[in-house]
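A.B. asks: Spelled out from the first residue to the last, the chains are:
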Amino acid sequence: MDGVHDLGGMHGFGPVAREQNEPAFHAAWEAAVYAIMRASMSNGLYNLDEFRHGVERMDPAHYLRSGYYEHWLDGITRVQVEKGVVSAEELERRTEFFTARPDAPATTAVRAMPTGAPPRFRWMAEPSERPATAPPRFAPGDAVVTRNLHPRGHTRLPRYARGRKGVIHTVHGAHVFPDTNAHGAGEQPQTLYSVCFDAREMFGETAEANQKIYIDLWEPYLEPGAPRG
Amino acid sequence: MGKNHPNVDKYVESRVRALESLLLEKGILPADAVDRVIQRFEADTGPLIGARAVARAWRDPDYKRRLLEEPRRALADFGLDFDMLRVVENTAAVHNLVVCTLCSCYPWAVLGLPPTWYKMPAYRSRAVVEPRKVLGEFGVEVPESREIRVWDSSAELRYMVLPEPPAGSGHLDEAGLVPLISRDALIGVAEVRLPPRG
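These protein sequence lines are chains P and F, in that order. Going letter by letter, the first sequence gives residues 1 to 229 in this note's numbering. Going letter by letter, the second sequence gives residues 1 to 198 in this note's numbering.
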């Protein structure tokens with residue numbers, strides 16, 4: 001979707017603000033969001049593409065004025081409610097419970113802890129590479145053009161890289177295709193390429209000199225380009 | 001980072017605790033998961049695997065070749081099984097910079113958690129369109145004669161920069177080099193320098 005998350009090349013955000021001696025987490029709730037994210041993924045509640053699309057659908061004004069872990073929280077809750085893991089109503093009721101008891105730990109509201117084997121908790125995401133179902137259409141050095149796609153759903157073809165001429169740099173093998181995997185349409189693995197673009201192809205004469213941009217793009221985003229003359 | 005209104009923070013805290021309690025109850029969140037996350041990222045502050053791999057690459061040409069061509073095998077030296085890392089090398093002719101314009105993909109397996117600036121709109125929007133200007137704000141001057149390669153992490157591959165070793169560091173061994181290699185240098189927004197003498 002052409003959302004506010006797709007920031008590449010936008011103007012007006014000012015200088016990069018850095019924080020000296022930044023802590024790993026700025027508040028305990030950020031670590032809790034991180035733990036919830038890993039636990040949800042480890043137990044198969046949703047896949048990474050569904051999660052990313054959950055974040056992308058955040059209210060755009062809220063997205064820009066909130067930080068990273070609030071984006072995560074928003075995306076996690078949206079997807080979990082959609083999938084029926086939690087209901088919007090029970091989440092709302094418990095939010096009210098903790099709003100009224102600002103110092104109560106999370107376990108205060110737990111009615112009964114589950115018995116049996118503890119839930120899984122894995123640090124690493126599942127690998128995205130899959131056995132190829134078709135030979136790669138392109139080889140390193142091939143000229144390609146990105147398609148001018150504007151799907152309403154999830155895609156990993158950034159807006160600034162649509163309809164642009166590039167050259168295949170590397171073939172990464174077949175990987176889970178986010179555009180289908182985010183929408184319950186299966187992994188449908190596609191060949192993934194690192195594609196090299198001259199920055200002028202993206203940003204014209206305003207591009208800085210002597211700059212290349214490398215983007216990892218799936219085969220359905222690409223069409224053959226004119227051979228180099 | 002934009003500061004939220006205090007009431008917004010309170011709401012977020014309540015909502016996180018609500019979700020946490022529901023997922024504990026439903027057997028999705030392990031009871032010790034939050035503590036483990038804090039332990040891993042706040043207490044374990046040893047050198048980054050990325051910095052250790054770079055120091056070894058500077059001292060061992062065979063290891064450097066492995067890090068660039070077979071990164072999974074190279075990372076196994078440090079007890080990490082991670083097949084999605086790609087390492088891009090800075091040279092006199094090329095400077096590399098890593099960004100994720102669509103979200104905030106970051107090689108945390110080798111660099112830990114990303115800094116806030118990496119995740120905020122200013123860096124994500126500008127790194128692709130005016131990298132020299134951004135690098136200048138970080139104190140890194142890249143002349144026009146040196147090519148800049150920006151790696152936009154749009155898939156599950158994760159990029160790390162192999163910086164140039166600092167001039168005059170020939171006397172240092174691997175262990176002496178590791179503390180000089182900052183997280184920022186491995187993202188591509190800093191160079192590795194010897195500490196000032198004295």
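Rather than coming from a laboratory, the hints here were simulated on the basis of the structure. You may find that some hints are simply not true.
[As the list claims (entries may be wrong)] Across the chosen pairs, the derived CB separations fall in these ranges:
#, chain 1, residue 1, chain 2, residue 2, range
1, P, Thr-133, F, Leu-194, 43 to 53 angstroms
2, F, Pro-195, P, Glu-96, 52 to 62 angstroms
3, P, Ala-125, F, Glu-70, 46 to 56 angstroms
4, F, Pro-195, P, Thr-133, 33 to 43 angstroms
5, P, Arg-101, F, Ala-167, 19 to 29 angstroms
6, F, Ser-169, P, Glu-205, 19 to 29 angstroms
7, F, Ala-167, P, Glu-19, 25 to 35 angstroms
8, P, Pro-131, F, Gly-27, 42 to 52 angstroms
9, P, His-183, F, Ser-169, 31 to 41 angstroms
10, F, Leu-68, P, Arg-101, 49 to 59 angstroms
[Claimed, not checked] If you want the ones that stay clear, here's a sample from chain P, every Cβ over 10 angstroms from chain F, calculated:
#, residue
11, Gly-9
12, Ala-109
13, Ala-139
14, Asp-142
15, Val-171
16, His-172
17, Glu-205
18, Glu-223
[Stated by the list, open to error] Simulated crosslink set (DSS-like; lysine-lysine; CA at most 27 angstroms straight-line):
#, chain 1, residue 1, chain 2, residue 2
19, F, Lys-10, P, Lys-165
20, P, Lys-83, F, Lys-26
21, F, Lys-119, P, Lys-212
22, F, Lys-133, P, Lys-212
23, F, Lys-10, F, Lys-119
24, P, Lys-165, P, Lys-212
Predicted model only: the values in this text are computed from it and were never measured. Note that CB positions come from ideal geometry on N, CA and C, so glycine has one too.
A.B. asks: Could you run down the list of hints and mark each one as holding or not?
C.D. replies: Evaluation of the provided hints:
1. Thr-133/P <-> Leu-194/F: 43 to 53 angstroms: holds, 51 angstroms
2. Pro-195/F <-> Glu-96/P: 52 to 62 angstroms: holds, 54 angstroms
3. Ala-125/P <-> Glu-70/F: 46 to 56 angstroms: violated, 21 angstroms
4. Pro-195/F <-> Thr-133/P: 33 to 43 angstroms: violated, 53 angstroms
5. Arg-101/P <-> Ala-167/F: 19 to 29 angstroms: violated, 59 angstroms
6. Ser-169/F <-> Glu-205/P: 19 to 29 angstroms: violated, 40 angstroms
7. Ala-167/F <-> Glu-19/P: 25 to 35 angstroms: Roughly 30 angstroms apart at Cβ, these two residues keep to the hinted range, so it holds.
8. Pro-131/P <-> Gly-27/F: 42 to 52 angstroms: violated, 33 angstroms
9. His-183/P <-> Ser-169/F: 31 to 41 angstroms: violated, 51 angstroms
10. Leu-68/F <-> Arg-101/P: 49 to 59 angstroms: Because 54 angstroms falls inside the window, the suggested range holds.
11. Gly-9: violated, 5 angstroms
12. Ala-109: violated, 4 angstroms
13. Ala-139: Answer for Ala-139/P: holds, closest chain F Cβ roughly 19 angstroms.
14. Asp-142: holds, 18 angstroms
15. Val-171: holds, 12 angstroms
16. His-172: violated, 6 angstroms
17. Glu-205: Label holds. Min Cβ-Cβ 12 angstroms, cutoff 10 angstroms.
18. Glu-223: holds, 18 angstroms
19. Lys-10/F <-> Lys-165/P: Distance ~48 angstroms between Lys-10/F and Lys-165/P Cα, so the pair is violated.
20. Lys-83/P <-> Lys-26/F: holds, 14 angstroms
21. Lys-119/F <-> Lys-212/P: holds, 22 angstroms
22. Lys-133/F <-> Lys-212/P: holds, 15 angstroms
23. Lys-10/F <-> Lys-119/F: holds, 22 angstroms
24. Lys-165/P <-> Lys-212/P: holds, 12 angstroms
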